[in-house]
Structure formats: C-alpha cells, structure tokens
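**Student:** Each residue of the sequence shown is one higher than the one before, starting from 2 at the first, in the numbering used here.
Since the hints were made in silico from the structure, they are not lab data.
Backbone N, C-alpha and C fix where the C-beta goes; we use that ideal spot for every residue, glycine too.
Mixed in with the good hints, there may be bad ones.
Distance ranges between label pairs, derived from CB positions [stated by the list, open to error]:
1. P185 / S102: 31 to 41 Å
2. A26 / T232: 51 to 61 Å
3. Y246 / R11: 44 to 54 Å
4. A26 / P143: 42 to 52 Å
5. D260 / R138: 24 to 34 Å
Below, simulated EDC-like cross-link-like pairs (lysine to aspartate or glutamate); rule was C-alpha separation at most 16 Å, straight line [stated by the list, open to error]:
6. K147 / D113
7. K177 / D116
8. K272 / E175
9. K147 / E105
10. K147 / E213
11. K177 / E220
12. K272 / E210
13. K272 / E259
14. K272 / E220
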Amino acid sequence: MPPFGEGVTRVEYLTRLTECVSLAAAGKRGALSEDRFLTANYRPEFYGTLESQLSNLSPLVRREAVELLTALGERAAMDAVRRMRVEDTEFVSLACLGYLSSMEQADTAVPDLIDILRHSRGSEFAVAARRLGSIARPEDIPAIRKEYGRVDGEMREQIASALSRIVTRHPSLEPKRRYIMSVPVFPDEAAFTAFADRAIDYLGVRYHESIEPRRRVTERTYNNVASSIRTMQVRLYNERENLRYYSREASDRFSYLEDLVVWAAEDLAGKEVVMDERKVGRLAGIDGL
Numbered sequence: 002m003p004p005f006g007e008g009v010t011r012v013e014y015l016t017r018l019t020e021c022v023s024l025a026a027a028g029k030r031g032a033l034s035e036d037r038f039l040t041a042n043y044r045p046e047f048y049g050t051l052e053s054q055l056s057n058l059s060p061l062v063r064r065e066a067v068e069l070l071t072a073l074g075e076r077a078a079m080d081a082v083r084r085m086r087v088e089d090t091e092f093v094s095l096a097c098l099g100y101l102s103s104m105e106q107a108d109t110a111v112p113d114l115i116d117i118l119r120h121s122r123g124s125e126f127a128v129a130a131r132r133l134g135s136i137a138r139p140e141d142i143p144a145i146r147k148e149y150g151r152v153d154g155e156m157r158e159q160i161a162s163a164l165s166r167i168v169t170r171h172p173s174l175e176p177k178r179r180y181i182m183s184v185p186v187f188p189d190e191a192a193f194t195a196f197a198d199r200a201i202d203y204l205g206v207r208y209h210e211s212i213e214p215r216r217r218v219t220e221r222t223y224n225n226v227a228s229s230i231r232t233m234q235v236r237l238y239n240e241r242e243n244l245r246y247y248s249r250e251a252s253d254r255f256s257y258l259e260d261l262v263v264w265a266a267e268d269l270a271g272k273e274v275v276m277d278e279r280k281v282g283r284l285a286g287i288d289g290l
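Assemble the whole structure, with the sequences as input and the hints as a guide.
**Tutor:** Written out as structure tokens, the structure is:
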C-alpha cells in the first residue's frame, strides 16, 4: 500500500481505490467509505477517479462510493447523487439521501463555524477553520475573509489554510486564488487615496512615458512592472468592498485607477520581452567585463 501523506499521486490513489472497489464488489461493507488511506489522502483533483464509481455496474460499489463522498464532504458529486437518489436501487438511494442530508447539515453549520472564528480562540478556533476548509462554498468566502483580516499570527495561518482548501475544492476559483488569499484591507480613505495617487503616477505618468512607447522591454523591466500591476490589482480587489464608506472623489479615483491598470496590463502583455544585457553577458561567459 502507498504511504500516507500529502505526496500521494493520482496513480497511487487510483491504485488503492481499485483495490477497495474489488473488496466492495465482493461484499465487504465499508471497503471504500471506511478506508483510512482514501479519506486521509484525498484531494479535490482526485474527484474524477471517484466519479466513475458512481456508475459502476455493482450497486454495492455505487453505495460505497456515495458513502465515501459523504465522508469526504465532496460537493462535486451533488448533481450525480441527486439523480441517483431517484433512479438507483433502494439501498443506493438511501446512501444518496445520507449524502444530501450531510451536505444540507454542512450548509447549516457554516454560519455557526464563522461565528466561532469571530468569538473563539485556541483549539475551538482551529477546528472551526479546518471544518470550513472542508465544507464552505464560494459564497461563504467574503465572510471568512472578513475574519481572516481581523486576526493575525497562527489564527490567520489557520484561516489561510481553510481559504486555500476552499479554492482547491472549487477549481473555477483558481484564477482568483491570489486575490482570495490576500489579506483584506479595512476602510481607510486617506491610506487608499495615498496608494491610488502613487499608482496613478506610476502608470499614468512614468509607465505612459517610459514603457508604453517601447515595442520591446527587458525581462527585468517586464517582471518589475508586472509585479507592480499585480499589487495594484490585489489592492483594488480588497478596496472594492470599502467604497461604500468612501467619498465620491475616492470612488472616482478607484475607477480611474482600475481603468489604468487594465490598460497597462494589456499594453504590457503585447510587449516583446528580451533578455537583460547582464544576463546575456553571463551566458556568454563575459560577466564582469
């Protein structure tokens, strides 16, 4: 059997799953749902290896697969299990009912778990954060992020781990990972205005004069500018919710900067990136001349 641990590959997971499927088909109760390896090493990207078992020819395997997904709290199977609840055999349908009830209970638990983050510390806080990582939905992220910005140290790390797991469980969120994982910025109009003024100067003046006219940019320049643009994108993401507390002038500055960021990002993406001269020299063996 492959070892326990985060390094388990999809092939290793599939190998163990196949072994357990054979046991389930032979009538062993709990062959999938109670297997410690399958539960301890599961990652959302492994769902495809489990999904095929929902249409296994053996109803014993289908039941076990649903029960394993219930134990994992894997929501990706929701639509398939709803269909099975109506169309499959009675004892598979009962397993589907258990899955759906578990998901409903998880949805009900989320507000209570967020409340624990707000008012508790220590082990209770850690357990709530870990549980949220397993069951929270994308729509729960704003409330979790609010607590993420309120705490620091180990507690912030625990919520960060939960947010990361939520993103991993919902692949459609992956492009937004760096925004979701960024620390929220609480309303401070003076601080935002100072940031926006610097950013507008950087893009509207210096970038416009020094970078936009060029067809080519060095790798170093490209990376520096791209990093600055990413920083601005994250700050704007975090400030958007704060606009309700800001003046009209600050909101207008937000919109202007947002347009500048889009323009600069598109312009930079169209540049030809060339190697820095110093790097060329090192590759040619003449560094230091």
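**Student:** Work down the list of hints and note, for each, if the structure agrees.
**Tutor:** Structure-based check of each hint:
For P185 paired with S102, a C-beta distance near 34 Å keeps the hint of 31 to 41 Å intact. A beta carbon spacing of about 54 Å between A26 and T232 agrees with the range 51 to 61 Å that was offered as a hint. The beta-carbon spacing between Y246 and R11, approximately 46 Å, falls within the hinted interval of 44 to 54 Å. Take A26 and P143: their Cβ atoms lie about 44 Å apart, and the range 42 to 52 Å holds.
One distance hint, 24 to 34 Å for the beta-carbon pair D260 and R138, holds here, with the actual separation near 32 Å. Using a Cα cut-off of 16 Å, the hinted pair K147 and D113 holds, with the two alpha carbons roughly 15 Å apart. With a C-alpha separation of about 25 Å, the suggested pairing of K177 with D116 is violated against the 16 Å cut-off. Restraint check: the Cα-Cα separation between K272 and E175 comes to about 26 Å, which exceeds 16 Å; the hinted pair is violated.
Among the hinted pairs, K147 with E105 is inconsistent with the structure: their alpha-carbon atoms are about 24 Å apart, more than 16 Å. Pair hint K147 plus E213 does not hold up; C-alpha atoms about 38 Å apart against a cutoff of 16 Å. For the given pair, K177 sits about 25 Å from E220 by alpha-carbon distance, which is inconsistent with the 16 Å threshold. As the CA atoms of K272 and E210 are separated by approximately 15 Å, the hinted pair is consistent with the 16 Å bound.
A hinted pair counts as satisfied when its Cα atoms are at most 16 Å apart, and K272 with E259 does not qualify at roughly 21 Å. At roughly 10 Å between alpha-carbon atoms, K272 and E220 fall within 16 Å of each other, so this suggested pair holds.
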